[in-house]
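Student: Chain by chain, the residues run as shown.
There are 2 protein chains.
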Amino acid sequence: MNDRHRLPLEPIATPDRLLLGPGPSNAHPTVLAALARTPIGHLDPIYIELMGEVQELLRYAWQTDNRLTIPMSGTGSAAMEATLANTIEPGDKVLVAVKGYFGLRLVDMAQRYRAEVVTIERPWGEAFSLEELEAAMALHKPKILALVHAETSTGVCQPMEGIGDLCRQHDCLLLLDTVTSLGAVPVHLDAWGVDLAYSCSQKGLSCPPGLGPFTMGPRAEAKLAARSGKVPNWYLDVSLLNQYWGSNRVYHHTAPVNMNFGMREALRLLAEEGLEHAWARHRSNAERLWSGLERLGLELLVPQPLRLPTLTTVRIPEGVDGKAFSLHLLNRHGIEVGGGLGALAGSVWRIGLMGYNSRAENVDLLLNLLETELPAFQSGRTAVAVAAA
Amino acid sequence: MNDRHRLPLEPIATPDRLLLGPGPSNAHPTVLAALARTPIGHLDPIYIELMGEVQELLRYAWQTDNRLTIPMSGTGSAAMEATLANTIEPGDKVLVAVKGYFGLRLVDMAQRYRAEVVTIERPWGEAFSLEELEAAMALHKPKILALVHAETSTGVCQPMEGIGDLCRQHDCLLLLDTVTSLGAVPVHLDAWGVDLAYSCSQKGLSCPPGLGPFTMGPRAEAKLAARSGKVPNWYLDVSLLNQYWGSNRVYHHTAPVNMNFGMREALRLLAEEGLEHAWARHRSNAERLWSGLERLGLELLVPQPLRLPTLTTVRIPEGVDGKAFSLHLLNRHGIEVGGGLGALAGSVWRIGLMGYNSRAENVDLLLNLLETELPAFQSGRTAVAVAAA
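For the record, the sequence lines run as chains A and B. Just so you know, the first sequence maps onto residues 1 to 389 in this note's numbering. Just so you know, the second sequence maps onto residues 1 to 389 in this note's numbering.
Source of the hints: derived by calculation from the structure; they are not laboratory data. Yeah, the Cβ is synthetic: ideal placement off N, Cα and C, and Gly gets one too. Just so you know, not all the hints are guaranteed correct.
As the list claims (entries may be wrong) - Cross-link-like lysine to any residue pairs, in silico, SDA-like; alpha carbons within 25 Å at most:
id: 1; chain 1: A; residue 1: Lys230; chain 2: B; residue 2: Leu104
id: 2; chain 1: B; residue 1: Lys230; chain 2: A; residue 2: Val118
id: 3; chain 1: A; residue 1: Lys93; chain 2: B; residue 2: Lys230
id: 4; chain 1: B; residue 1: Lys223; chain 2: B; residue 2: Met137
What the hints assert, rightly or not - Short derived list, chain A residues pointing at chain B, Cβ under 8 Å:
id: 5; residue: His5
id: 6; residue: Arg6
id: 7; residue: Gly23
id: 8; residue: Gly210
id: 9; residue: Val320
id: 10; residue: Lys323
Stated by the list, open to error - Not everything, but these chain A residues come out facing chain B in the computed CB check (under 7 Å):
id: 11; residue: Ala13
id: 12; residue: Arg17
id: 13; residue: Pro24
id: 14; residue: Ala34
id: 15; residue: Leu35
id: 16; residue: Thr38
id: 17; residue: Glu56
id: 18; residue: Gln63
id: 19; residue: Arg67
id: 20; residue: Thr75
id: 21; residue: Ala78
id: 22; residue: Met109
id: 23; residue: Pro209
id: 24; residue: Pro232
id: 25; residue: Tyr235
id: 26; residue: Ser239
Take these sequences, add in the hints, and give me the full structure.
Tutor: So this is what it looks like as structure tokens:
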């Protein structure tokens with residue numbers, strides 16, 4: 001026997017953090033309780049009933065009637081890949097509107113499915129105008145336009161007015177990333193004419209990470225049905241998954257039943273609160289944060305009309321070691337805020353107020369720490385502060 | 001607002017089942033408690049330490065020194081697909097030894113990655129001899145031999161003697177499905193010369209479904225490194241995942257942190273018990289089940305030397321409505337046993353004794369129910385028994 005890797009470990013003892021970064025966010029306590037229930041079989045009639053409830057409440061959260069609305073058995077990135085894997089055939093032209101990190105990820109993924117990918121770009125922190133999208137559609141005539149609604153890397157919320165109509169005029173599918181908007185920021189999939197969307201469990205839905213909500217409308221279903229070959233990804237193949245989630249209940253993979261217990265509870269809480277109320281709560285707590293940050297003299301990356309209520313990007317002030325301050329918040333106060341990603345690495349903090357964590361007391365707690373403890377991290381004083389921590 | 005899908009639900013109230021089917025199996029209570037801990041960030045130093053612990057204990061469970069040993073953020077099927085997606089290049093010849101449902105799944109998946117797939121087959125319920133594998137290797141000269149160690153659809157355990165040497169002689173990678181053996185049935189990956197393996201969380205490891213342990217040895221790593229193009233699956237791309245699990249800690253996707261809390265606890269319990277003890281426990285409880293079933297006059301599908309201690313296939317006796325009896329066990333006693341899959345649909349029950357559930361009292365409980373309640377389900381009496389239930 002090889003006992004070299006037989007670590008003698010103590011029982012798990014992770015700390016209770018307050019997660020005010022780009023996600024995961026804290027889960028609601030009753031969601032955590034649901035996760036810890038005894039598993040049941042993935043073909044148990046009681047589980048099958050629960051699957052239907054999860055589907056129905058995801059439709060509510062997204063404001064869609066799409067039949068094919070399911071949580072993928074992976075994180076948001078798996079659901080993202082599912083939208084592309086099922087609908088791209090080799091050589092299809094895909095237009096990706098890139099205004100941050102997750103736009104770049106869509107490009108990488110689409111290329112792996114052998115799409116001919118073309119891009120338009122805006123600087124990180126900005127959004128696209130309808131005119132820009134219109135010009136690119138007319139030029140490239142893509143089969144799919146992929147767009148990020150809530151760009152988690154920048155905190156920008158893309159205005160959606162007119163984009164669905166534009167895609168219909170060009171007989172093009174509209175694919176939308178709603179990872180950081182679902183359940184927290186107004187999303188009206190059907191009214192917007194969105195054909196494919198995905199999200200995650202760990203942000204607006206107040207559930208731990210591990211499931212990737214996915215939805216596909218009739219136009220996207222038709223493209224899937226007309227494929228000449230199999231979907232080049234077995235695990236995410238919606239034509240197979242539909243045999244399990246549809247009335248046939250044909251075994252595909254063993255569902256992550258406990259994560260779905262949590263998802264069902266998270267969606268139940270959202271339906272109980274009501275979408276309009278959840279959206280208004282996120283908006284009002286974000287505004288409380290924004291005005292507090294500005295009062296402290298901190299600068300926000302994104303102009304007010306484009307700001308995402310779930311994620312705020314704050315410029316790290318001149319002379320401050322942003323990483324040292326966020327480590328201080330984590331280690332001294334158990335609070336996580338995020339750093340910048342990609343083009344914004346080192347220049348911003350990302351503050352999330354998502355789902356269960358979107359509460360006035362969390363805003364006030366963080367503003368108070370910024371007011372009282374950030375000054376010690378100004379240039380020249382950083383070393384002392386870190387040593388003291 | 002569209003409130004058509006706003007289901008008013010009661011809080012979740014799933015029953016406590018005893019899961020004696022092909023999986024999921026019951027999770028250990030402390031694993032469920034770990035699942036319900038407050039999430040922490042996927043780049044939190046405490047989470048990064050936990051990742052290392054999970055990797056190390058997976059190496060112990062598999063008896064391997066493989067550096068690239070990680071839980072995939074999906075179920076066992078995702079880890080299965082990862083072994084193929086990362087190592088197949090279009091046109092590569094892959095030999096799949098098919099002796100049940102999961103061999104067929106390997107064929108389907110490998111074809112999607114544009115392998116030239118060839119198969120050898122044995123009837124469901126049998127295993128391959130080394131001579132058969134040797135002849136097929138000499139004939140086809142594949143780059144990968146894919147084999148199921150523990151075939152969950154039949155209950156057969158494939159003898160592994162000599163197969164690793166054979167693959168090395170032919171400069172071929174050996175890919176092994178250990179979904180129903182890891183943690184419960186002797187597995188010695190390195191001693192057997194296995195290059196790629198995958199498993200699941202919900203069987204021998206006593207954790208709910210949702211993670212797919214994956215491991216890749218140096219020969220498989222070399223094939224991945226020599227690829228001419230990107231892995232055609234972003235989510236399962238080990239070259240990217242290695243940037244996160246390796247020392248660089250580059251963000252790939254938001255890890256399912258709570259599932260990994262559970263996995264860490266499950267593996268901790270396994271290391272505490274010790275592999276040899278866990279293997280012996282599964283063996284002894286399975287033997288108790290086998291002799292009890294035979295005492296009741298029930299016939300086992302698989303000859304004794306090939307039987308899997310984790311999963312026993314029992315022929316449904318002539319004249320018994322197998323589905324009605326398993327529904328009776330579920331609805332009346334809260335016990336799940338599985339039905340047959342594929343070629344064995346309708347002709348066998350599948351009884352699992354896995355991880356936390358491999359205990360003498362579970363064996364005795366089930367044997368007692370078979371003895372006292374199965375006779376009522378013999379031909380002609382079924383309708384009455386079902387009506388009474």
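Student: Hint by hint, say whether it matches the structure.
Tutor: For each hint, the structure was consulted:
About 15 Å separates the Cα atoms of Lys230 of chain A and Leu104 of chain B, which keeps this hinted pair within 25 Å; it holds. Simply put, Lys230 of chain B and Val118 of chain A have alpha-carbon atoms about 18 Å apart, close enough for the 25 Å limit, and the pair holds. Distance hint between Lys93 of chain A and Lys230 of chain B is fulfilled; the C-alpha atoms sit about 19 Å from each other, no more than 25 Å. For the hint pairing Lys223 of chain B with Met137 of chain B, the CA-to-CA distance comes to about 19 Å; that is within 25 Å, so the pair holds.
A distance limit of 8 Å between C-beta atoms decides the matter here; for His5 of chain A the minimum to chain B is near 4 Å, and the interface restraint holds. Because the closest C-beta pair between Arg6 of chain A and chain B is about 5 Å apart, less than 8 Å, the hint holds. Look at Gly23 of chain A: its Cβ gets to within about 6 Å of chain B, closer than 8 Å, so that hint holds up. For Gly210 of chain A, the interface hint holds, since its Cβ comes within 8 Å of a Cβ in chain B; the closest pair sits about 3 Å apart.
Given hint, Val320 of chain A at the interface with chain B, is violated; its Cβ is 20 Å from that chain's nearest Cβ, farther than 8 Å. The closest approach between the C-beta of Lys323 of chain A and any C-beta of chain B is roughly 12 Å, which is over the 8 Å cut-off, so the hint fails. About 9 Å separates the beta-carbon of Ala13 of chain A from the nearest beta-carbon of chain B, more than 7 Å, and the hint is not met. Look at Arg17 of chain A: its Cβ gets to within about 5 Å of chain B, closer than 7 Å, so that hint holds up.
Interface hint status for Pro24 of chain A: upheld, as the beta-carbon distance to the closest one in chain B is roughly 5 Å, under 7 Å. The interface hint given for Ala34 of chain A holds, since its Cβ lies 5 Å from the closest Cβ of chain B, which is under the 7 Å cut-off. This hint holds: Leu35 of chain A has a C-beta 5 Å from the nearest C-beta of chain B, less than the 7 Å allowed. For Thr38 of chain A, the interface hint holds, since its Cβ comes within 7 Å of a Cβ in chain B; the closest pair sits about 5 Å apart.
For Glu56 of chain A, the interface hint holds, the least distance from its beta-carbon to any beta-carbon of chain B being 5 Å, beneath 7 Å. This hint holds: Gln63 of chain A has a C-beta 5 Å from the nearest C-beta of chain B, less than the 7 Å allowed. Given hint, Arg67 of chain A at the interface with chain B, is violated; its Cβ is 12 Å from that chain's nearest Cβ, farther than 7 Å. Satisfaction of the interface hint for Thr75 of chain A is found here, the shortest Cβ-Cβ separation to chain B being roughly 5 Å, below the 7 Å cut-off.
Here the hint on Ala78 of chain A is kept, as its CB sits about 5 Å from the closest CB of chain B, short of 7 Å. Of the supplied interface hints, the one on Met109 of chain A holds, with its beta-carbon coming within about 5 Å of a beta-carbon of chain B, less than 7 Å. For Pro209 of chain A, the suggested interface contact is upheld, since its CB lies about 5 Å from the closest CB of chain B, less than 7 Å. A least Cβ separation of about 5 Å between Pro232 of chain A and chain B falls short of the 7 Å threshold, and the interface hint therefore holds.
Below 7 Å, beta-carbon pairs count as interface contacts, and Tyr235 of chain A has one with chain B at about 5 Å; its hint therefore holds. Because the smallest distance between the Cβ of Ser239 of chain A and any Cβ of chain B comes to about 12 Å, over 7 Å, the interface hint for this residue is violated.
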